[in-house]
Structure formats: C-alpha cells, structure tokens
Amino acid sequence: MTSTQGRVENRQPGYVPADNSQPPSRRFRFNEWLDGHARQLFITPAVVMILIFSIFPLVASLIIAFSRVRLKAGGYQVRFVGFKNFSKQIFGSEQFHFLGTFTTLTFLGWVVALSASAAILWWMYRYITTGFSIIGFIGRMITAIVGLGIAWMFAGTFFSGNPFGTLGVTLFYVFVGCGVQFIIGLGLAFLCSQPIRGRNFFRVAFFIPMMITPIGVGYVFRMMADTTKGPFSPAWQWFGLNDFAWAANPWTARIFIIIGDSWQWIPFIFIILLAAFENIPRDYVEAGQMDGASNWQIFREISWPQVMPVAVTVMLIRVIEGFKIVDLPNIMTSGGPGIATESMSLHSFFAWRSLDLGQSAAIAYLLLFVTVVICVSFFNLIVVNRMRRI
Amino acid sequence: MKSTCKSLLAGVAAAAVLGTATPTFAGEFDGVTISILTRPGPVIAGRLVDRGKEFTEMTGAEIRVNEVPFAEIFQKLLTDWATGTNSIDVGVFASGWAVELVDGGLVENLDPYIAKDDKIDIDDIAPYFREFNQKIGGNTYLITVDGDFQMLYYRRDILEKIGMEPPKDWDDYMKVAEAMNGMDMNGDGEADYGSCIFKKRNAQSYFAIGSIAAGFTQTKGTGEGLWFDTETMKPKINNAGWAEAFRVYKETGKYGPTDELNQDIGDTRALVQAGRCGLVIDWGDIGPLSIDESGAAIRDKMGAVIMPGSRKVLNPATGELQQCDADLCPHATDGVNHAPYAAFGGWAGAVNAKADQKVKDASYAFLSYMNQAEQSNVDVTLGWTGYNPYRNSQLNDTSKWIEAGFSPEFADNYLGAIKDSLNHPNMASDVRIPGAQQYTGVVLDRELARFLAGEITAEQALANIEAGWEEITDDFGRDTQKQMYKLSLGITN
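Chains L and X are the protein sequences, given in the same order.
In short: position in the first sequence from 1, add 3, done, that's my numbering.
In short: position in the second sequence from 1, add 592, done, that's my numbering.
Be a bit skeptical, because a hint or two may be false.
[Said to hold, decoys possible] Here are some chain L residues pointing at chain X (derived, C-beta under 10 Å):
{"no.": "1", "residue": "Ser-337"}
{"no.": "2", "residue": "Pro-340"}
{"no.": "3", "residue": "Ala-354"}
{"no.": "4", "residue": "Arg-356"}
[Stated by the list, open to error] List of simulated lysine-lysine pairs, DSS-like, C-alpha gap at most 25 Å:
{"no.": "5", "chain 1": "L", "residue 1": "Lys-75", "chain 2": "X", "residue 2": "Lys-760"}
{"no.": "6", "chain 1": "L", "residue 1": "Lys-232", "chain 2": "X", "residue 2": "Lys-893"}
{"no.": "7", "chain 1": "L", "residue 1": "Lys-232", "chain 2": "X", "residue 2": "Lys-846"}
{"no.": "8", "chain 1": "X", "residue 1": "Lys-842", "chain 2": "L", "residue 2": "Lys-232"}
{"no.": "9", "chain 1": "X", "residue 1": "Lys-950", "chain 2": "X", "residue 2": "Lys-760"}
Quick caveat, the hints were computed from the structure, so don't treat them as lab data.
Every value quoted in this text rests on a predicted model; they were computed, and no experiment measured them.
Idealized CB from N, CA, C, for every residue including glycine.
Could you put the whole structure together from the sequences, leaning on the hints where they help?
Rendered as structure tokens:
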C-alpha cells in the first residue's frame, strides 16, 4: 500500500494506471458504443424484418383500401377515393354481396332483431350499473355495435327469407364449423386419452388429414360428393341419391364445405386437447373415482376445468383461422351456387383477381375488423370471466 | 522438340476454343430465351411446348412455357408488364384482354413484322380473326393460335332415331332436349341427358349466356354490338331479350345433369365424351375430341350446326320481343335470327413491347411459326391441343381432318357449321375493351350464378348487371370506353 499526497492507493503489483491524458482510440470508442447499444442492435434485424414483411404490407394495403389502383405502363396509378371502397360494401352496389339482400323484415325477423337488441342493451345497462371503466365501456360499445349489426343483418336476411352475403357465410363457417370441430375434436381427444385398445393407431389416423394441403382436401371432397361420376357414386346411387345435387342448394353446399373443413381441422383440435387430457394428474381422477364420481362427473368437475385454458386457446386459434377460409369454397363450389358459399376471403380474392385492388383490400380490412372484434370479445368477455370463476 | 510441343499445345488449345465456341447448330436466335405465359397444359400450353422444341432446333431460341391458372393469366401478365418486371416476353391469352394492355402501351405492334414475314400468309386467316381478333385500333397486336366461337353439337344417331331435325331456335332446342332426355345414349343402361351446358360460377357460363342472348338481341350485324350502345356506352343488357336468354339458359338445366350448376367446361366435355349428352353447346373442340381415344362412345356420332337463333327478337324501339321481319332481322334465315358468338375470341399471342429487340424478333417468329398453315393445319385437328380452326385452308380442305380420323361426312358437317358461323354477317363480338374481365367475368358471371341458383329473378339480375357495368364504365372513363368499344367493332368514325 502506498500513499501519495495523503490519498491511499490500493494497487496490485505491476499495475500501470491508464494514461487519461490520451483520448480513447476510435476502436475502443466503437466497442464502447456497441456495448452500450447491444440490446437495440440485437433486436434491430428482427424489427426490420417485421417492418418489411408485416407492417409495410399492412400499411400499403390500407392505402390501397382507400384508393382506386390501376396498373398502367410504367407502374401504378393510384387515386384516393376516401371511404368509397368501404361504403360500397355496406351501403352501395356491393351491399347484397357483402351483407345480403334486404327487402322487408318478416315477423320472425322483427322478433330476432328486437330480441337481440334488447339483450345487447340489457347487457350494456348491467355493465354500466355494476362496474364501469372508460376502456371497458369503449370496448363493450364496439362489441355491442358489431353485435347489433350482425343481429340485424341476419334478421333482415336469413330470418326474413333473403340470401345473406359473404359476411354471413363467413360467420356461418366460423361458428357452426368451428363449433362442430370443437365438439368432435374434444370427444375424440377424451376417448383417445382413455386406456382403450388401438389408441396409438387412432391417434395417427386422426392426425393424418391435417397434413394434407387444403386444395387437395377440396378436390377430394368434391370428387367424393359427386353423385354421378365420383368414386362413391355407386354408394350414392344405392342410397337413391343419384339425382341429389348438393352443390345446387345453398345449404347443402355450405354443409358439405363445413364437412370438408371439419375433416381437415378436427385433428388440430384433437391433438392439442389430447396432450391436455394426458397432462391431467392421474391422482385427481383416481381420487374422484375413489369418491364414487361417475365418468360424466369426472369429466365435468376434474378433466374439463384442467383442459379449459388449452381448449380456449385452441378455439381462439381455430376461429381466427376459420375466418380466413378460402380454399375449400373456391375448389368445391367456386363460391356458388350464386354467392351462397363465398366467404369474405374468397370475396376479396375474386376482387383482387379482377384487378379491383381497392375493393379487395377494403374487404380484407373489414374481415380483419370483424375477426379482431369477435376474437377479443370472446376472450375478454367470456373466457376471462369463466377463468375467474374457476 | 520444344517447338513441336508448342505447336501441339497450340493445336489443342485452338481445338478446345473452337470446340466450345461452335454450337451444335447455327441458329438465327442462338442464346435467346423466350418466356411465355399461358394457361396450364396440355390444352393450349402443351402444343406450345412441343412446337417450341422444334423451333429451338431450327433457330436456337429456347422456349420456356410458364403455366398459371386460367383466371390469373391476365392479372399476372398485366402486373409483370406494367410494373416493369418484364419476366414474360409473350402472353398467350384471350384476344379480348389485349385491349387493356395495348391501351397501356405494353404490347408490340406486329404490323412491321408481318410485312417482312413471307411465311405467315395472313390472307389465309379467316376475316373475323384477321380483322377483329388480331387487330386493335387498326393495328395488329396479336397472332391467333386458336379460333373460338360457340356452336351447337348434337347426337346425330339419336336425332335420327327419334326422327327430329337439329334445332334452329331455342324452342326447337327445348323440344329436342326433352325428347332425348332420359334415353340411354351410350348403352350403359343408365338414363342420359337431353342437354349439357356448363353453368358453374367463375368458369365459362358467361360465354354460354352470350351465345344464347346474341340471337335475341343482335340483329343488324357485327357492328351493332351485343353489349353496349355505341353512341352512349349504356349497357344493352337490361331488356326483354336478355331476360328471355336468362330464362332459356335456366330451362336447359331441366334436361341436364342434376349438378350442372357446379359443372364447368371440363365436366361437360367428360359427359359428352362418355356419350351422355344429346345436345351440347361448346367451342370447336368437340369435333376433334369425338375422334380422340377417350371419345370412343361418340366417334362418328356427332353433328354440328350454327348456334340456335330466335324467331322473336328485341325491338330496341319498343323494348319488347317481336317476331322477326325483313326490317328487324335483315340477316335472318327462314325467319330465324342467328348471331353466332365469338365467345372468348380464341387464344392469341402478344409480344411484350419492353422486351429486347432480339427477343421480340424471336417471339414474333415463334408465334408466326405456330400460326403458319403447315403447323396449325395439323394442330387444329388434334382434340387435346385445344386449338380450333381459324384459317381458310383449315376450313376448306377436309383432307387433314380425314387424315386425323374424321369421317368425310362429319368433316364436311363440322367445317360447314364453322364456316356458317364465321362467315355470318351477324356474328357477335366478345367484349374487347378495358375492364372486359370485370364486365363479364365478374359482374355478369356473378349475377347469372345468383339467378341460376334461384337467389334473384332475371329482372333483378339484369338491373344489377346494368348498375355494375355503369360503375365500371364510369371508373375507366365513358368516352375512352366508348371509343375502344367502337374500334373493337370496326367502327372508325
């Protein structure tokens, strides 16, 4: 230990103090800067990639949605048209295509519309009187407006005997299709989690459809459903259905598309729920059995609460995917008969194919809006409440 | 020794250089690659590939055929050419689509090339295809490889059996279809169909309705125009003639397959080749397909005739259907107004105006090679190529057809029906203006599909089509559209 001018210095032998009178070298300063910005630098490539591949197309398509785009020699000619592409879908010449054909509301239509309106208003009133926050209110208002819109749309079309448009068709695919897929997938997963013979075979067999490309599934189902010259035509004819044209009737066409879609997507729900069922500790189930609980009680009180968080997640993913359905209706019916099986994605695709890029982008944004509102509402208003109760 | 070694090395080096520098053949277009965009093969694309190999051997130019789904050809081509990507040198597509490309200055004017070409024999190309299909605004921008218009085909053997004549108008058509419907026409013990006309959405149904409507609405000749008023560009669709055509089209379904609403041209042709259809509306393909291996059930059993017309036509003055007379139907035959419809117009090749000059020369040379009688007179007799006749030499000389397997009677009958249609002064032209695909392929097709599905009435459908077409016309500019439409009909004033 040495002391210089009353200051005690504790130095190791051989220590040479840095010469502070010399400025640090350029390389040193660069390294220092790198150290200081390491976090930003590591994340920059990912941010740039996201900007290029995700945000930029989103912004570009938003600009296109408010424009009339035409391809000309040397590039694009873009003309700003405001909300014209959107208003055309909701109030203008494409209303019948997007929302449906509206004439007069029948008695049943009025009953449905007024019942749904009353239920939504009651729900809002209860929220305002029992607990209130600005963010919660705004969110619920958006949900209520979309809910009212959808209820009146179905009241004016489906419940009044009029054809509904691509929004209604998409909602039908999502709610009916995903509902069926969830129930069957859940059932199969529960069965395969039980100690039954050949369950490994069933696990593989049930999983195969998911690996097939949707276009392949579309063609396969179109062939199988062909009553006159398909591979199952003898079977159709044996059942006396050789004059049955499923593709000529709006409802049978929609149901056949849901059957094809379900065949492909049930395995997705099945495989994830199977993993969830198999992760339930055996001692919970055995304790229930010891207490004399029935199989149904074990499922309802033990298994279901355990798999519910996974089930909610899988349904959310499936619903988001369901909103984007395009392959099967395109291959199986080309959106026909009429526009009866045309989903919003297919509607947007057909507009894009005819080079009406503005309309195509507007429909895509309407689809995004509906998907976000329904999925966020489903999660915040139903799932979160349920989870709290559990 | 040293000098000997040097000479040896020099000799080897020279031989190596010569060996690599000298190609296996000396061609006019060595090193040139022509990239072609068209529909998936074997139809149309398959023969381009085959002939491309021959062309490579002759000239050295390599032919690359890129195949994309039918509905995406135009979109992909326009995007490629308009954005300056220019990865495609030649587009082979519906001639009507070219108007929009020419309007944008994207297509090479081929008149100077034709002027220097002594092999193409342009006058041998039938007048409709030479003057309407290949030309836009008086200049030739396209080279035809396929001639398209629709005709009526019938089962000759069945018609003889029931003692009826080929239909001349749509009333006759219904009577014959009804009589044939339910008969076993291919001996498999099953009831077959009186009529087969594709009705699937997003397929070819808008061509079929054009064929039916033309006979009810166009009476004064090709220049009258089937689709728009040439003075105001107002759609000529929301009227009694088109309403009747919609009704007729739907009624034919009563005598067709139960799932006809979901059948496109491929499905219909499969039924025809299986011998299950009594009456069929199709392009020229059924003739060659009937002598194909898969058409054994109908070999030498088919007959062809000009598209049925109508005895009652639209009187534009009153807006009602009226019996044909000399004033109203100047081109009528036996009181029946025929207006054979050049549906689709045929597949034709266009050259990218922005391609290198050498590539443009090679591209034109290849299209000319495809079009020349020596090649095309064989190609049109093969069903699988999808090419239908468009040259006088193909229509006047039956020898190539008989060589291909046609009976002399059917060759005469088939070519006679084509000539009756092609030379008809009231031939109806397809929509050949910017936005053609939106007018017919989107709006007309969708409303027709909704009508066929029972969603809306014919009157509602026609009103919707009128509104939709007006929107498209206003969007593209009414005056420009009017000018283009008149030019497409050969009206130059």
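Hints broken by the structure, by number, lowest first? Of the numbered hints given earlier, those the structure breaks are 5 and 9, listed in rising order.
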